[in-house]
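Colleague: Next come the chains, spelled out residue by residue.
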Amino acid sequence: MEPYKKHESIAALMNRSNVDTDQIIPKQFLKKVERSGFGAHLFHDWRFNDDGSDNPEFELNKPAFKGAKILVVGDNFGCGSSREHAPWAIADYGFNTIISTSYADIFYNNCFKNGILAIKVDKDRLDKLMAEIAANEGVQFVVDLENQQVTTPGGNGFSFDIDPFRKGNLLSGLDDIGLTLKHVDKIEHYEQQHKLNFPWLWV
Amino acid sequence: MKKTMYEKIWDSHLVVDEAGQAPLLYVDRHLMHEVTSPQAFEGLRLSGRKVRNPHSILATMDHCVPTKNRNLPIADPIAKKQIETMAENCRVNGLKLYDMTDPNNGVIHVVVPEHGFVHPGMVVVCGDSHTATHGAFGALAFGIGTSEVEHVMATQTLPQKKSKTMQVVVNGTLSKYASAKDIALAITGKIGTAGGTGYVIEYTGSAISQLSMEGRMTLCNMAIEAGARAGLVAPDEKTYEYLNGREFAPSAQYWEQALAYWKSLPSDEGAEFDAIVTLDAAEIAPQVSWGTSPEQVIGVDGLVPAPESFSDEIKRQACESALAYMGLTPNTKITDIPIDYVFIGSCTNGRIEDFRIAAEMAEGTQVAEGVTAIAVPGSYHVKQQAEQEGLDKIFIEAGWEWREPGCSMCLAMNGDELSKGQRSASTSNRNFEGRQGKGGRTHLVSPAMAAAAAAAGHFVDIRKL
Numbered sequence: 001m002e003p004y005k006k007h008e009s010i011a012a013l014m015n016r017s018n019v020d021t022d023q024i025i026p027k028q029f030l031k032k033v034e035r036s037g038f039g040a041h042l043f044h045d046w047r048f049n050d051d052g053s054d055n056p057e058f059e060l061n062k063p064a065f066k067g068a069k070i071l072v073v074g075d076n077f078g079c080g081s082s083r084e085h086a087p088w089a090i091a092d093y094g095f096n097t098i099i100s101t102s103y104a105d106i107f108y109n110n111c112f113k114n115g116i117l118a119i120k121v122d123k124d125r126l127d128k129l130m131a132e133i134a135a136n137e138g139v140q141f142v143v144d145l146e147n148q149q150v151t152t153p154g155g156n157g158f159s160f161d162i163d164p165f166r167k168g169n170l171l172s173g174l175d176d177i178g179l180t181l182k183h184v185d186k187i188e189h190y191e192q193q194h195k196l197n198f199p200w201l202w203v
Numbered sequence: 001m002k003k004t005m006y007e008k009i010w011d012s013h014l015v016v017d018e019a020g021q022a023p024l025l026y027v028d029r030h031l032m033h034e035v036t037s038p039q040a041f042e043g044l045r046l047s048g049r050k051v052r053n054p055h056s057i058l059a060t061m062d063h064c065v066p067t068k069n070r071n072l073p074i075a076d077p078i079a080k081k082q083i084e085t086m087a088e089n090c091r092v093n094g095l096k097l098y099d100m101t102d103p104n105n106g107v108i109h110v111v112v113p114e115h116g117f118v119h120p121g122m123v124v125v126c127g128d129s130h131t132a133t134h135g136a137f138g139a140l141a142f143g144i145g146t147s148e149v150e151h152v153m154a155t156q157t158l159p160q161k162k163s164k165t166m167q168v169v170v171n172g173t174l175s176k177y178a179s180a181k182d183i184a185l186a187i188t189g190k191i192g193t194a195g196g197t198g199y200v201i202e203y204t205g206s207a208i209s210q211l212s213m214e215g216r217m218t219l220c221n222m223a224i225e226a227g228a229r230a231g232l233v234a235p236d237e238k239t240y241e242y243l244n245g246r247e248f249a250p251s252a253q254y255w256e257q258a259l260a261y262w263k264s265l266p267s268d269e270g271a272e273f274d275a276i277v278t279l280d281a282a283e284i285a286p287q288v289s290w291g292t293s294p295e296q297v298i299g300v301d302g303l304v305p306a307p308e309s310f311s312d313e314i315k316r317q318a319c320e321s322a323l324a325y326m327g328l329t330p331n332t333k334i335t336d337i338p339i340d341y342v343f344i345g346s347c348t349n350g351r352i353e354d355f356r357i358a359a360e361m362a363e364g365t366q367v368a369e370g371v372t373a374i375a376v377p378g379s380y381h382v383k384q385q386a387e388q389e390g391l392d393k394i395f396i397e398a399g400w401e402w403r404e405p406g407c408s409m410c411l412a413m414n415g416d417e418l419s420k421g422q423r424s425a426s427t428s429n430r431n432f433e434g435r436q437g438k439g440g441r442t443h444l445v446s447p448a449m450a451a452a453a454a455a456a457g458h459f460v461d462i463r464k465l
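Chains U and Z are the protein sequences, given in the same order.
Reminder that position 191 of the first sequence reads as 191 in this note's numbering, one-by-one numbering, no gaps.
Reminder that position 101 of the second sequence reads as 101 in this note's numbering, one-by-one numbering, no gaps.
Don't take every hint at face value.
To be verified - Now the in silico label distances, taken between C-beta atoms and shown as ranges:
1. Z:268 / U:193: 49 to 57 Å
2. Z:268 / U:161: 28 to 36 Å
3. U:182 / Z:419: 50 to 58 Å
4. Z:3 / U:67: 50 to 58 Å
5. Z:46 / U:161: 30 to 38 Å
6. Z:274 / U:57: 37 to 45 Å
7. Z:268 / U:182: 33 to 41 Å
8. U:123 / Z:246: 47 to 55 Å
9. U:191 / Z:237: 45 to 53 Å
10. Z:73 / U:158: 18 to 26 Å
11. U:142 / Z:332: 46 to 54 Å
12. Z:3 / U:195: 22 to 30 Å
13. Z:363 / U:160: 18 to 26 Å
14. Z:255 / U:1: 40 to 48 Å
To be verified - Some chain U residues near chain Z, calculated using beta-carbon distances under 7 Å:
15. 5
16. 20
17. 30
18. 47
19. 51
20. 69
21. 82
22. 106
23. 159
24. 160
25. 165
26. 167
27. 182
28. 188
Calculated directly from the structure, the hints in this document are not laboratory data.
Each residue gets a CB set at the ideal place from its N, CA and C atoms; glycine is no exception.
With the rest of the complex left out, here is chain Z:
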């Protein structure tokens, strides 16, 4: 039988598949951060169970960590306790942890690929919905809840329901300055935030093959924003080249054996998907979200839609309440929307390539009056690389703040946040009400779009620069 990549990974990880029971799937890699793990460790302790395979776990601290004055103690006592709890849990259970002061520290989904911890064909979980990021390597990677974190620690398995498969085909070549982020937003705009529910997406087509590994991570990262369990890209030469030589990649002794396995993973020619969605890369303009859901997006050359333009009653109501929250009037040009804040970073767009393109846009400009712009590298390695390339100086000279790594304003748990009514151009992944601070208004964009908006004080069609 011809199989999709998802089916191949699924079949090779089945531990138990008996009638009347949820299939039990083996987990190769378990990623952790401080927010969704403490209650799982507590549960393990209370039931007298042990971590089955400490070797499979890599932990970091990212959600609550400050992005400035890292040398000072964390001011928020509850956040401080959470950080300390993570350190203690990792110590007691013998787990690899990149704590706040470790040179390898950063956002979990940025750090893990940097060390080659995820390989093609693996099953990877984390108590974090953006685990989908690692699908960029052809690994089945998905977010789980804290009870499941405990389950995986205790058993190295998860009861799972098999997903349906969706192929998202993106052919053609992106226009200048359109990026993986724009593909991700355009897909979410097209199929909606529930469009992928029950599915694992495989991204295929010439535009996907052309993406760098960083771009593929950005794309898969946002599979969850379209409701999908996971996103996948078939491994290819770029994948192998990226992994080769990294700390947890297969050593020379096993490289050929691993490579042979990885090459067997791509979906078979003619394998059937349950759904197919097609986009033309050339038609994808740089995207800007206008509402409070990642599906509420439009090209930068568009207008803020009017509620009556939606025939679906639920979408019409959603538009109306989003516009009220966002303080926007229908038919306003996207390029006329003024902004107060710019955030470049997150597990979606906090990698070196993101800072390179943003610095290219920022070079020789000044942050517009009244605008605050922060650049938050996804990890210390990204920060160091950017500094070696002189990108930090470009940002600083343009009036940006150059910060320490962390999740920062993506979800505003660490004190970096918008005030009520402030409007951001943000390279993160969610524009939900209050996500970046109560009453804050988020517009999701690519790093290039964010940097151009910082200089102009409003959104700019960067294709025309």
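In isolation and in its complexed conformation, chain U is listed as follows:
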């Protein structure tokens, strides 16, 4: 995983709530056995017309949002299926930061496993950020994870909370599994106890 660095990037606006993972990456694209290449299908059913051409009505097809790394989106983003193909598609498309009031639980976890910083803000802050983008499409925000700060040209900057464990992993780009395996002696000890307490699970 790439370490997450401070960056200044275009913030794209999707003023929609309850966007589910079936929309983020429709199921016809879940049959691949690789992790890569899902960005081409991100938001497929909204993004493309039936003939495969770009749907000009869809937010992310606006030229001003081209190259955006920050996605500002409505409440309860990523609800529904657990498919990690959703954050894979988001990351592969080029986003590394999402700003919303709330996320579905599994999706939120999946983001951090894939180098995506999912920032939670209150409703009032989200409305201000959305208004700033709507008034100035193509505006760039600065995201500084180290200092937990977002700054915007319109003065709607804010500081955000994040779990220190998740922050550390994003900044270092470290592999979760490697970190857990540092505790392998504790896992072994637990398993010994487990065999004594629940012998029927081990026959």
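Following the hints, complete the assembly by docking chain Z onto the known chain U.
Modeller: Relative to chain U, chain Z alone:
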């Protein structure tokens, strides 16, 4: 300290709980299917790691498998590769797999309980949000992403954040033909798809105790639709009776020991929950979803709501766009909505009890003109049981298709799907845009409601039949 069932399971599975680190939770059972596992195996291979406890894993093929002409090769080359990859990954790592031709094959969350693979008090994961199903046994069961699938394979643990607890109390007796599905939809309607976010739900109350194990599975299955991490029902005599004698249940030698442990699991009297939601079972009408989110539901005797009936701006907008997608006009009677397709099956409603009640409704009827109705058993065992009871004949005589098991039209990955603009009465769990086919319109209902709609060509208040 008085503890909830969730807290008891959590505490007994903590491997590491140190300041500055995410608590590490031990995983007892790991379930797998072909869609969310291949990249996890690839990751394991690339990092030179091994599956720590192959014994803890049970795999099946369900999402992409055809539900007819199973003897023919899979037509879709990408789906075929995914299926082959699953078989190879299980072979190389020595994992139990019920492949497409195995008599035990079926939808993962139907197959696992059939074999008694999940017991009360376990921590159970699967790369699938409907893992919540197994909370019906009093196990902490939740969906994970593919990176976490890899993590569990390599370490048998997961870094987890402790959830808050929500008690959903459903007292009273359901009206005739109202079911666990209707309770699940009514809860989602009441608290919303984000209402349970950050929580593990424990379902309690007399209406829950009265549910069969199948009904409890349906209920817990849809905990995720209300945003919850997991759903739980305390184990009781029904749970023990269901498990006794199944392949992976504790043998006679250990039965009493296991039973003693299971009986210690229910929440202590007076244990505190972070939130409490109460419903009266008698007031739950058979539910029909009208929109594109499982919270957009109403009783069958209701009307399609108007956007202006919502005071919340986000809900108003959501209603407006859902009605546009669904092609519905406000104030239409739910029973006046015509349907084109009926699907009975899925990990929500693909068990024997679901086909029994649907067959009861279908018996002596004919599928309405212009309607396609398919019955897709959740597993080969469900199919076989239904056939022994003659249910297949009832469906076939009524003009239904009787299929092979699989996820089928719940998420339409295997070619079973709606065409643009087609409208379904579906016993599955999600009515998202395009879920059952691009432009397809899904109405979530119980099996009894689906079967009655197949015969009438529109929704019917089955309480009046």
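Colleague: Hint by hint, which ones does the structure fall short of?
Modeller: Violated hints: 1, 9, 10, 13, 15, 18, 19, 20, 23, 24, 26, 27, 28; rest satisfied.
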